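Chain A is already provided as a structure; the job is to place chain B on it using the hints.
Number of protein chains: 2
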Amino acid sequence: MKPVQAAVLGLATVATLFAVASIAADKPSASGNASPIYGVTLPDGYRKWELVGPALESAPLNELRTVVGNQIAIDAYQRGQLPFPDGAVLVKLAWKYTQSPDFEPALVPAHATTVQVMVKDSKKYAASGGWGYGRFINGKPVDEAQHQTCFACHASRVKDRDYVFTRLAP
Amino acid sequence: MKPVQAAVLGLATVATLFAVASIAADKPSASGNASPIYGVTLPDGYRKWELVGPALESAPLNELRTVVGNQIAIDAYQRGQLPFPDGAVLVKLAWKYTQSPDFEPALVPAHATTVQVMVKDSKKYAASGGWGYGRFINGKPVDEAQHQTCFACHASRVKDRDYVFTRLAP
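Residue numbers (our numbering), protein chains in the order written: chain A, 13 to 182; chain B, 13 to 182.
Everything labelled a hint here was simulated from the structure, so no lab data went into it.
Everything numeric in this text was worked out from a predicted model, so none of it was measured.
Keep in mind that the hints are not guaranteed to be accurate.
[Unchecked claim] Computed cross-link-like contacts, EDC-like style, restricted to lysine to aspartate or glutamate with a CA-CA straight-line distance of at most 20 Å: (1) A:K171 x B:D114; (2) B:K104 x B:D133; (3) A:K136 x A:E156; (4) B:K171 x A:D114; (5) B:K171 x A:E116; (6) B:K60 x A:D87; (7) B:K60 x A:D56; (8) A:K135 x A:D174; (9) B:K108 x A:E69; (10) A:K104 x B:E62; (11) A:K60 x B:E62; (12) B:K60 x A:E62; (13) A:K104 x B:D114; (14) B:K104 x B:E69; (15) A:K108 x B:E116; (16) A:K60 x B:D56; (17) A:K108 x B:E69; (18) B:K104 x A:E62; (19) B:K108 x A:E116; (20) A:K104 x B:E116; (21) A:K171 x A:D133; (22) B:K104 x A:E116; (23) A:K171 x B:E116.
[To be verified] Stretch by stretch, here's where chain A covers chain B in the computed footprint (C-beta under 8 Å, at least three residues): (24) 65-72; (25) 120-131; (26) 166-177.
[What the hints assert, rightly or not] Some chain B residues well away from chain A (every beta-carbon gap over 12 Å; in silico): (27) P55; (28) Q93; (29) P97; (30) G99; (31) K135; (32) A139; (33) S140; (34) G141; (35) F148.
Even glycine gets a Cβ: it sits at the ideal position worked out from N, Cα and C.
Chain A on its own, in the form it takes in the complex:
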């Protein structure tokens, strides 16, 4: 084999390996759908969970958001229980907002942006206040750098509420 042929074959092999790796990354898998650092995944059926409360994030985000919780989280909210018990899970859905075409004073959801998850496990996540974090776009976790910001922000602002921003809407 001539050196040029070998080089071409080598490049082709590398390209094939990248292609295989890319296909593998697109397939659903426990590791591929879990957040960096924490290993948090999107919980099944969260869209059916009970409302905690809505919020609007003004510029630059311009998002409407709604937090829902599993039964363990909702029960803790209703009892005013802090810290939240292990097993509590909170999910925040977010959408860019747009002016309603039907009623001018209203801002309503446009396209979905992120889904953000907090999972309480006081042993597994002892280093981050007992919570594991996951931030997802189109069902896929965002990168590690973004996940490094979660705990620092929650710890600096709402440590006294067990690191949870959202209160139960009355």
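Just chain B now, kept in the frame of chain A:
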């Protein structure tokens, strides 16, 4: 009995009747908790219903709102089924909004204001597009004048979506 005694007794009787009437009005009853015109009541357990979507109403209302739906309504939304089938119920929860003390760019719920209900019954409510309306404050329906505005507004703006403003958030 002297005239003065009779007058005092008469006043006491009237006062007693008012007191009894007042107690009766405070007790939950089908008629007392049902909306004028439509006879719609707050459905049991609606706070556990599935999210349809959030919204923000700007000035003068300054409210955050979240619509939830019963399973019949959610199923219809997911199928894109119009008109909604009989039995569909939508509930809109509303709160005045306030700036979050924990995160400046966020507007979050303050005190609850109204809860508004739409009940689909194409025969019972044939005169109002198949929907009955109820608007409640602290669990009690507001007056008839306010209920006279519901259908006219929905009919003028979203008749082509079976009179329903809120879309299912993606």
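Going through the hints against the structure:
1. Of the supplied pair hints, the one linking K171 of chain A and D114 of chain B holds, its CA atoms being roughly 11 Å apart against a limit of 20 Å.
2. Among the hinted pairs, K104 of chain B with D133 of chain B is consistent with the structure: their alpha-carbon atoms are about 18 Å apart, no more than 20 Å.
3. The suggested pairing of K136 of chain A with E156 of chain A holds, with an alpha-carbon distance near 18 Å, which does not exceed 20 Å.
4. Among the hinted pairs, K171 of chain B with D114 of chain A is consistent with the structure: their alpha-carbon atoms are about 11 Å apart, no more than 20 Å.
5. For the hint pairing K171 of chain B with E116 of chain A, the CA-to-CA distance comes to about 17 Å; that is within 20 Å, so the pair holds.
6. In summary, the hint linking K60 of chain B to D87 of chain A is supported, as the alpha carbons are separated by about 12 Å, within the 20 Å threshold.
7. Restraint check for K60 of chain B and D56 of chain A: the C-alpha separation of about 17 Å stays at or below 20 Å, so the hint holds.
8. Between K135 of chain A and D174 of chain A, the direct Cα distance comes to roughly 15 Å. Compliance with the 20 Å bound is thereby established for this hinted pair.
9. For the hint pairing K108 of chain B with E69 of chain A, the CA-to-CA distance comes to about 15 Å; that is within 20 Å, so the pair holds.
10. With a C-alpha separation of about 14 Å, the suggested pairing of K104 of chain A with E62 of chain B holds against the 20 Å cut-off.
11. For the suggested pair K60 of chain A and E62 of chain B, the alpha carbons sit about 5 Å apart, so the restraint of at most 20 Å is met.
12. A C-alpha spacing of about 5 Å is found between K60 of chain B and E62 of chain A, which places the hinted pair at or below 20 Å, so the restraint holds.
13. Annotation: proposed proximity of K104 of chain A to D114 of chain B holds, straight-line Cα distance about 17 Å (limit 20 Å).
14. Between K104 of chain B and E69 of chain B the alpha-carbon distance is near 12 Å, which keeps this suggested pair within the 20 Å criterion.
15. Restraint check for K108 of chain A and E116 of chain B: satisfied, since their Cα atoms lie roughly 18 Å apart, inside the 20 Å limit.
16. The suggested pairing of K60 of chain A with D56 of chain B holds, with an alpha-carbon distance near 17 Å, which does not exceed 20 Å.
17. At most 20 Å may separate the alpha-carbon atoms for a hinted pair to count; K108 of chain A and E69 of chain B meet this at roughly 15 Å.
18. Restraint check for K104 of chain B and E62 of chain A: satisfied, since their Cα atoms lie roughly 14 Å apart, inside the 20 Å limit.
19. A hinted pair counts as satisfied when its Cα atoms are at most 20 Å apart, and K108 of chain B with E116 of chain A qualifies at roughly 18 Å.
20. Between K104 of chain A and E116 of chain B the alpha-carbon distance is near 18 Å, which keeps this suggested pair within the 20 Å criterion.
21. Using a Cα cut-off of 20 Å, the hinted pair K171 of chain A and D133 of chain A holds, with the two alpha carbons roughly 16 Å apart.
22. The straight-line distance between the Cα atoms of K104 of chain B and E116 of chain A is roughly 18 Å, inside the 20 Å bound, and the hint therefore holds.
23. Straight-line distance between C-alpha atoms of K171 of chain A and E116 of chain B comes to about 17 Å, which keeps the hinted pair within the 20 Å bound.
24. Counting residues of the stretch 65-72 of chain B whose beta carbon lies closer than 8 Å to any beta carbon of chain A gives 7, which reaches the threshold of three, so the coverage claim holds.
25. As drawn, the stretch 120-131 of chain B meets chain A at 4 residues by the rule of a beta-carbon pair under 8 Å; at three or more, the given contact holds.
26. Proximity of the stretch 166-177 of chain B to chain A, defined as three or more residues with a beta carbon under 8 Å from a beta carbon of that chain, is established by the 3 residues found.
27. Every CB of chain A is more than 12 Å from the CB of P55 of chain B (nearest about 15 Å), matching its label as outside the interface.
28. Consistency note on Q93 of chain B: stated as away from chain A, and its beta-carbon is indeed over 12 Å from all of that chain's, at 18 Å minimum.
29. Every CB of chain A is more than 12 Å from the CB of P97 of chain B (nearest about 20 Å), matching its label as outside the interface.
30. Against the 12 Å criterion, G99 of chain B stays outside the reach of chain A, whose nearest CB is about 18 Å from its own CB.
31. For K135 of chain B, the shortest C-beta to C-beta distance to chain A comes to about 27 Å, beyond the 12 Å cut-off, and the non-interface label holds.
32. Listed as outside the interface, A139 of chain B is consistent with that label: its C-beta sits roughly 23 Å from the nearest C-beta of chain A, beyond the 12 Å cut-off.
33. Under the 12 Å C-beta cut-off, the non-interface status given to S140 of chain B relative to chain A holds; the minimum distance is some 18 Å.
34. For G141 of chain B, the condition that its CB be more than 12 Å from all CB atoms of chain A holds, with the nearest at approximately 15 Å.
35. With a minimum CB-CB distance of about 14 Å to chain A, F148 of chain B clears the 12 Å threshold, and the non-interface call stands.
No hint from the list above goes unmet by this structure.
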